[in-house]
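Chain residues, written in single-letter form:
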Amino acid sequence: MDFPLVLLLIPAAGIAAAIFLIVVLARRRH
Amino acid sequence: MDGDELVRDYLGRLDAASWPLPPERRAELADEVREHIETALAEAGRRDSVTVRNVLERLGRPEEIVSSEVDSEPAPPRWIEARIAEAAAKAPTLGALEIIAILLLTAGAFLLPVFGPAIGLVLVWLSTRWTRREKLIATAIVVVIFVLPIVGLLVVTDG
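Keeping their order, the protein sequence lines are chains A and B. Residue 28 in the numbering used here sits at position 28 of the first sequence, and the numbers go up by one each step. Residue 61 in the numbering used here sits at position 61 of the second sequence, and the numbers go up by one each step.
Calculated from the structure, these hints are not laboratory results. The beta carbon of each residue, even a glycine, is placed where N, CA and C say it ideally should be. You may find that some hints are simply not true.
Unchecked claim - Across the chosen pairs, the derived CB separations fall in these ranges:
(1) 16(B) x 22(A): 43 to 49 Å
(2) 136(B) x 8(A): 55 to 61 Å
(3) 27(A) x 20(B): 19 to 25 Å
(4) 22(A) x 19(B): 37 to 43 Å
(5) 31(B) x 26(A): 41 to 47 Å
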């Protein structure tokens with residue numbers, strides 16, 4: 001397995017999910 | 001107990017019994033009853049304990065006055081709904097659990113590769129701030145961005 005790819009994909013996946021969850025909460029507050 | 005003490009005692013009982021009423025209605029009811037007593041005593045021209053007792057007896061027990069008010073109150077009272085909405089608006093958007101989940105999903109990916117975001121997702125599922133649908137979408141985002149390319153890569157490499 002391409003190790004740098006894994007290192008890139010893990011944060012990308014986590015950050016994308018985190019952004020989605022934060023946006024959902026922020027929108028609900030308004 | 002003299003007349004004034006009887007009135008104070010009666011109003012105190014009314015105040016104690018009127019807790020189920022909205023605060024504004026509670027104050028309004030106390031004013032109405034006080035006014036009613038004062039008018040009745042002014043009409044009687046006396047404030048002795050016997051006259052006051054008669055006036056208060058005609059009014060009925062404070063508990064009865066409140067229960068008739070409670071029965072006429074539309075359910076659920078709007079003030080309760082307003083309080084709930086107010087409390088919900090004041091509730092912090094992110095609790096400790098949510099902050100840790102977000103940190104694990106982001107910074108955790110660098111500090112604890114694979115395990116950080118995995119634990120972060122578990123915490124997201126434990127949280128009550130997100131709906132089931134939102135949790136599913138967040139999990140899907142992780143799966144699509146992280147798991148699928150790796151599986152695809154493995155398939156291509158093996159093939």
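Evaluated hints:
no., hint, verdict
1, 16(B) x 22(A): 43 to 49 Å, "holds, 47 Å"
2, 136(B) x 8(A): 55 to 61 Å, "violated, 25 Å"
3, 27(A) x 20(B): 19 to 25 Å, "violated, 36 Å"
4, 22(A) x 19(B): 37 to 43 Å, "holds, 41 Å"
5, 31(B) x 26(A): 41 to 47 Å, "holds, 45 Å"
In this structure, the hints that do not hold are numbers 2 and 3, in rising order.
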